[in-house]
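Engineer: Sequence:
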Amino acid sequence: MPEQLTAGEQLARDIIDRVESLILEAELEQKPLELDPFRERLFELFVMAEATGFVLDGDVNLPDLSSDGVGHELAQRWNLADAVRSSMEQQARLEGEQLVKMRLMWSFMRMWMEWTYAWQRWEEFHPTESSDPTT
8 MPEQLTAGEQ LARDIIDRVE SLILEAELEQ KPLELDPFRE RLFELFVMAE
58 ATGFVLDGDV NLPDLSSDGV GHELAQRWNL ADAVRSSMEQ QARLEGEQLV
108 KMRLMWSFMR MWMEWTYAWQ RWEEFHPTES SDPTT
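Adding 7 to a residue's 1-based position in the sequence shown gives its number in our numbering.
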């Protein structure tokens, strides 16, 4: 029987699926995520994730669309934990596809964290009349 998901969980899964698809497309085209069109499309997914309210760490009752949460899900899908564990046990480097996926993961997580930080601090540097601390 398929797993029953709440609407929020389904939305989070859809966003993660789309992030994964975008990362895999960048891998296939051998293009960096940091350059358009991938950066632009990834940022659009970040904006969607932010709109859900699931980007902030902390609430275990909500889906986790933080950089860590999405990264953890993708690492599970790609078996990166097993690859890293095996690499460490054998005292060898990550090989081929796993190394490429790990680099893409780092790129994704760095950008997602930077956008989260900037998004959270936006009002601090762009006050509106309603957020004016002198009133």
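Since the hints were derived computationally from the structure, they do not count as laboratory data. Just so you know, even glycine gets a beta-carbon here, dropped at the ideal spot from N, CA and C. Any given hint could be a false lead.
Now the in silico label distances, taken between C-beta atoms and shown as ranges [said to hold, decoys possible]:
no., residue 1, residue 2, range
1, Val-107, Thr-135, 40 to 46 Å
2, Glu-102, His-133, 26 to 32 Å
3, Ala-88, Glu-16, 35 to 41 Å
4, Glu-131, Asp-89, 23 to 29 Å
5, Lys-38, Gln-17, 17 to 23 Å
6, Leu-42, Met-120, 15 to 21 Å
7, Met-120, Ala-88, 16 to 22 Å
8, Arg-92, Leu-69, 25 to 31 Å
9, Gln-11, Gln-37, 18 to 24 Å
10, Phe-132, Gln-83, 34 to 40 Å
11, Glu-131, Phe-50, 16 to 22 Å
12, Val-67, Val-107, 27 to 33 Å
13, Glu-57, Glu-27, 32 to 38 Å
14, His-79, Glu-32, 38 to 44 Å
Engineer: State for each hint whether it applies.
Structural biologist: Against the structure, the hints:
1. Val-107 with Thr-135: 40 to 46 Å: Distance hint for Val-107, Thr-135 holds at roughly 44 Å.
2. Glu-102 with His-133: 26 to 32 Å: violated (46 Å)
3. Ala-88 with Glu-16: 35 to 41 Å: violated (22 Å)
4. Glu-131 with Asp-89: 23 to 29 Å: 41 Å Cβ-Cβ, so the 23 to 29 Å window is violated.
5. Lys-38 with Gln-17: 17 to 23 Å: About 30 Å separates the Cβ atoms of Lys-38 and Gln-17, which means 17 to 23 Å is violated.
6. Leu-42 with Met-120: 15 to 21 Å: holds (18 Å)
7. Met-120 with Ala-88: 16 to 22 Å: Once the Cβ atoms are compared, 20 Å apart, the range 16 to 22 Å for Ala-88 and Met-120 holds.
8. Arg-92 with Leu-69: 25 to 31 Å: Since the Cβ atoms of Arg-92 and Leu-69 sit about 29 Å apart, the hinted range of 25 to 31 Å holds.
9. Gln-11 with Gln-37: 18 to 24 Å: Hint violated: Cβ distance 39 Å, outside 18 to 24 Å.
10. Phe-132 with Gln-83: 34 to 40 Å: Holds, since Phe-132 and Gln-83 (Cβ atoms, about 36 Å apart) stay within the stated range.
11. Glu-131 with Phe-50: 16 to 22 Å: holds (20 Å)
12. Val-67 with Val-107: 27 to 33 Å: For Val-107 against Val-67, whose Cβ atoms are near 32 Å apart, the range 27 to 33 Å holds.
13. Glu-57 with Glu-27: 32 to 38 Å: With Cβ atoms ~18 Å apart, the hint is violated.
14. His-79 with Glu-32: 38 to 44 Å: violated (21 Å)
Hints 2, 3, 4, 5, 9, 13, 14 from the earlier list are contradicted by this structure; the remaining hints agree with it.
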